[in-house]
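Trainee: Spelled out, the chains give:
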Amino acid sequence: MVERLLVGAGAGYSGDRIDAPIAVVRDLKASGERAAIIFETLGERTLALAQLRRRDHPQLGYEPKLKALLTPVLKDCVESGIAIVGNFGAANPPAAAKLIAELATEQKVSARIGVVTGDDMLGPEGLEVLRASSNELPDDKLLVSANAYLGAAPIVEALGEGADVVVTGRVADPSLTLGPLIHAFGWSYDDWHRLGQGTMAGHLLECGAQVTGGYFADPGFKDVPQPENIGFPIAAIERDASFVIGKAQGGGLVDRRTVAEQLLYEVHDPAAYLTPDVTADISKASIVELGHDRVRVDGITGHRKPDTLKVTVCYDGGFIAEGEISYYGPNALARAKLAAEVVKKRSPKDIRIRCDIIGVLSVLGDDGGRAWNDLDSFGEPTTDVRLRVAFAGNDKALVERGLQEVEALYCAGPAAGGGIRLSLRPRIAATSCFIPRSAVKPKVEIVEARS
Amino acid sequence: MTEVQLHALAHARTGDKGNRLNVSLIAYDPVLYPLLVEQVTEAAVAARFAYRKPSAVKRYELPNMYALNFVLDDVLDGGVTQALNLDSHGKTLSFHLLGLRIPVPEALAKYVRVKPGDE
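Chains A and B are the protein sequences, given in the same order.
Just so you know, we're using my numbering here: the first sequence kicks off at 133 and counts up by one.
Just so you know, we're using my numbering here: the second sequence kicks off at -19 and counts up by one.
Careful, some of the hints might be misleading.
A short, non-exhaustive set of chain A residues, derived as facing chain B with CB atoms under 8 Å [to be verified]:
(1) V399
(2) A522
(3) N526
(4) I567
(5) A571
Simulated restraints, written as ranges between beta carbons of each label pair [unchecked claim]:
(6) A:R436 with B:V94: 45 to 51 Å
(7) A:S320 with B:D9: 36 to 42 Å
(8) B:A36 with A:A349: 29 to 35 Å
(9) B:E(-17) with A:K573: 44 to 50 Å
(10) A:Q191 with B:K(-3): 42 to 48 Å
(11) B:A36 with A:R569: 27 to 33 Å
(12) B:E(-17) with A:G255: 56 to 62 Å
(13) B:N44 with A:G175: 26 to 32 Å
(14) A:D350 with B:K(-3): 46 to 52 Å
(15) B:A36 with A:N463: 39 to 45 Å
(16) A:A466 with B:A24: 49 to 55 Å
(17) B:D9 with A:L507: 32 to 38 Å
No lab work stands behind these hints, which were simulated from the structure alone.
Predicted model, so just to flag it, every value in this text is computed and none were measured.
Even for Gly, the Cβ is constructed at its ideal location relative to N, Cα and C.
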């Protein structure tokens, strides 16, 4: 009987360090223990962008970096029995499975690939459910994607059928970890205490380096060894669901501070962290440093899972454009502010406009302009500033017209503006709603790859 | 009594879900936790972020972790898919909270962190 499972994280988001899984797999393999590696690559909008790619190319729509991520580790994992679980299927898990199967064949290894689908709610039946649960959804023709957050169960099912790799679309991030745990230990689906702990172990893993010194360094206050080569996390989870967070070899660190920051990341009520599998509770959690980059988290528990599942709905969000221009030297800030006023006065009135001054107030402000109107109280005087003007609207021509007013600052704006850059791109908007569990029917299929 | 930025006493991280922001605030030393509880109230955080007009500010206490978790509603201009902000996630805002100045009693002055070289 397995008493312990190691779970490593190979990616914490779609743009993550591409070489991170290599050290994780090396360490998992060297441990000789039962192990799994998870890949979390789906942000809120990532799936909608994948859906757009799939519309244009039906054989695409999965994580674009999938091949690059798995190529160095697939053979090692399959041969060592390290289960790979990833939501890198995005909008097209079957196509991702096909790619993985081809990769396995290329690397001369036989593999069973579990494909989890059923999260996509964009079909007629799904849409009916969504409309019944929310009256704030946009027109059907504007919808790009609608995906329910599946839980751990279909991952457990796929692993139960002998999958070496499980590829999913939208599942709750911690479920990627909880799936292999339930499979390994046979935890009951109403063992809220253990499911709560396993879920929070998954929560700590799902953002990769964010628990091992990534997104953490503050020189002189929170220093990180070798930040250019951070070892991604590896959790050791026991049958009783107690766990220790450690990391792969390399730089980075795991201590009370890194774990506390990540434990609370994107958490609202610490007593009620909602997932499809359990309502996790960290309100009594305590963090125990064991030394050598190993940290135990005690006091986590769980409560009954929510009755509904969350669905993220993405839709056509019009266009966003950005224009920038720099001013330097005496009175630079005054010239940048004047340029902003000129652009605002000349731009179409039916689009949203926001101004920032990089070097003074580049991100702190609000779209409403309250901070902008009180600029002097936020920023230090400086002589090297860059005006940024952002425009948004549904009418591309109007947004373009606004942008053109930034470009015109070269000849018609305040003195000595330089370095104009302009960009315009379509935007995906997102909203969410909650639907009955019974409306979602996850499906698991197995694809065989032969060496 | 001296006044220092929270940055010298605690660290923080933000997370976003839609138009809602959470900011954790974690004491560097457990002995500082009661001071954070006393000084960094919901009202103090609401005032710090007043220009973003939060519709609600809720504080959760995690004494075993020497941490507070703040949840601010409607401060992200619609969040990552709507806002015109360069930082539409609000990721940088943890350091806006850390810029808040609070009074520190003399008895705790030795726990105030100073960057090496800045003493």
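Trainee: Each hint should be assessed against the structure and marked as holding or not.
Mentor: Hints versus structure:
| no. | hint | in the structure |
| --- | --- | --- |
| 1 | V399 | holds, 6 Å |
| 2 | A522 | holds, 4 Å |
| 3 | N526 | violated, 13 Å |
| 4 | I567 | violated, 17 Å |
| 5 | A571 | violated, 22 Å |
| 6 | A:R436 with B:V94: 45 to 51 Å | holds, 48 Å |
| 7 | A:S320 with B:D9: 36 to 42 Å | holds, 41 Å |
| 8 | B:A36 with A:A349: 29 to 35 Å | holds, 32 Å |
| 9 | B:E(-17) with A:K573: 44 to 50 Å | violated, 59 Å |
| 10 | A:Q191 with B:K(-3): 42 to 48 Å | violated, 33 Å |
| 11 | B:A36 with A:R569: 27 to 33 Å | holds, 29 Å |
| 12 | B:E(-17) with A:G255: 56 to 62 Å | holds, 59 Å |
| 13 | B:N44 with A:G175: 26 to 32 Å | holds, 31 Å |
| 14 | A:D350 with B:K(-3): 46 to 52 Å | violated, 24 Å |
| 15 | B:A36 with A:N463: 39 to 45 Å | holds, 42 Å |
| 16 | A:A466 with B:A24: 49 to 55 Å | violated, 34 Å |
| 17 | B:D9 with A:L507: 32 to 38 Å | holds, 36 Å |
The structure does not agree with the numbered hints 3, 4, 5, 9, 10, 14, 16 stated previously, though it agrees with the rest.
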